[in-house]
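**Student:** Chain residues, written in single-letter form:
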Amino acid sequence: MQTTGEEGGANSTPQSSARLDVLDWGLGGCCALLLLGLTGVTVVDVVGRYWFDTPLSGAFEITQMMLCALIFAALPLTTRAGEHIEVDLLHGHLPRPIRAVTAVLATLLSATVLGVVAWRLLAQALRLGEDGAVTNALSLPLAPVAWFAALLAAVSAALALLRLTGGQDR
Amino acid sequence: MTESLIAFAILLGLIFAKVPIAFAMALVGAVGFALLRGWGASWSMIGSVAFETGLSYSLSVVPLFILMGNLLTISGVSHGLYAAANRLLGGSRGGLAMASVLACGGFSAVCGSSLATAATMSKVAMPSMRRYGYADSLATGSIAAGGTLGILIPPSVVLIIYGLITESDIGKLFIAGIIPGVLGLLFYIGAIAVATRIKPELAPKSEGTEPFSRRDRLGVLAVLALFLLIMVGIYGGFFTPTEAAGIGAAAAFVIALAMGGVSAGQIFRACLESARTTAMIFAIIIGAEIFSNFINFAGLPDGLAYWISGLELNPYLVILGIVLIYIVLGCVLESLSMILLTVPVFYPLLYELDFGVEILADPEYALIWFAVIVVVVTEISLISPPVGLNVFVLRSVLHDVSLGTIFKGVTPFWIADILRLALLIAVPWLSLWLVEAM
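Just so you know, the sequences run in chain order U and S.
First residue of the first sequence: 288, per the working numbering; consecutive thereafter.
First residue of the second sequence: 587, per the working numbering; consecutive thereafter.
Among the hints, a few may not be true.
[To be verified] In silico contact screen, one side only, chain U against chain S (beta carbon under 8 Å); selected entries: (1) A319; (2) T341; (3) S344; (4) I349; (5) A368; (6) R407; (7) W434.
Derived by calculation from the structure, the hints in this document are not laboratory data.
In this text, all values refer to a predicted model and were calculated from it rather than measured experimentally.
Positions of the beta carbon are idealized from the N, C-alpha and C atoms, including for glycine.
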């Protein structure tokens, strides 16, 4: 899903025909469980609150943590598939050598941003760990979520770099 | 303000050099913030924005509404919607095209993604329009345009994100979208009637009606039930707009299973696809957040509001200027990034403008009205050349139709949209009446 010009759809091959690999099964399974979990928590909370007068305690913060985990678990998949939105309007009309150079630069910039985000999330995780930060209702520790996010942001940065060798710009 | 303008210029440069929009915004925002406040402040800003956006409870609607849409897409309810709309409108000239618009509007309202709607509906509606001898331009145009309707008809992820940026009441935003959304549907149907009158060769005089199976009926009922469940749930106080997404996703599971023929593999892939789209959207949200932290610190929104109010322009002229900026930006930017980048800059202006209309004197209402305008302009951008995304999606699904043909087919709808936009700006009451009545 991207704004593409002439080369439109280079990356938008229908996923339904693509084969799933280890990353898809591992992280994808994780994402699927988190999505089911998010849905389930809301349903149990709403139904429990309205019909049985017993809301799920901590539904708010469980949702928060599952959402955070979901986003960062899916980030490597999105990055590897080249699904971050790009604008291909002008780029398609540039001479081929310039296109090749900017493509490499764009990939390096993407990887750098992801790398910095990973590093900053790591700092966040360390700080949360030191402070022993926990959620309000259930006292769940926050640091592990930040660790998880940092790790997967780093994986995404690596996968973004790998795209340099994958010939993403045909 | 100068810093902000330079930053916008660099940002556009990076975007045109094919740097993913999310990363370009994060990069320019972080560097700009660092230049104003020092690197230490910028580093810690990045970490907390990334983590806290991830933990944002209200944004949990994003993955869940996307999941709901993907589950509905695989469930096959789209065929039923099309068959029902065909029953309703099949008699008149251009009836199948009108049915496509109606079915697209209905499907995209609950599916939430105009791109998924265009892709799904093209498979359902295109074959029958071809069979009855419709011109490719009108057939593809009605699907591409019809798919845009859903981002205004609730539930709408775009309106939720607008609500989070401007701290508006999401329930009220949803209600405000209904009349303008239905108006869009009627204007599109009108556009088809006018286009086929001017050029009768676009569509056959009349066509038979498609068969309507039991499965089709189940599909229509399921979509209606889902829409009602969400609206009644929100306004009856059973759940919040945020929770509506989770309930909707659960209901979509039930629908997918009840419709039959959906395999476990398909459900897994729908989850996988939803997760990937979620990460893509959150990357943009985090990037935009970093960028707007910088823009806010550089004082652009306040500076702009101060400058504009100093000019003492006619407020409608200011709105017109903003709309023009959106139409130009919409030609090059993807819709969500456009909204995330511009709404934080423009919405403080609404507090400064005095429209002389009683209903807009309340800033809360002015913001809701502005939301409708922004979303309609975004809908227009989805079908505007050169990069209207819906047009590209159709092109990638239908290999034998040229981009030019689709853009030509979209023209009547584009004109209808501009008329609707003018009407909505001139008559704020259309967007606000239901909000006030609730």
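**Student:** Hint by hint, work out which the structure violates, then give me just those numbers in ascending order.
**Tutor:** Hints 2, 3, 4 and 7 contradicted; others consistent.
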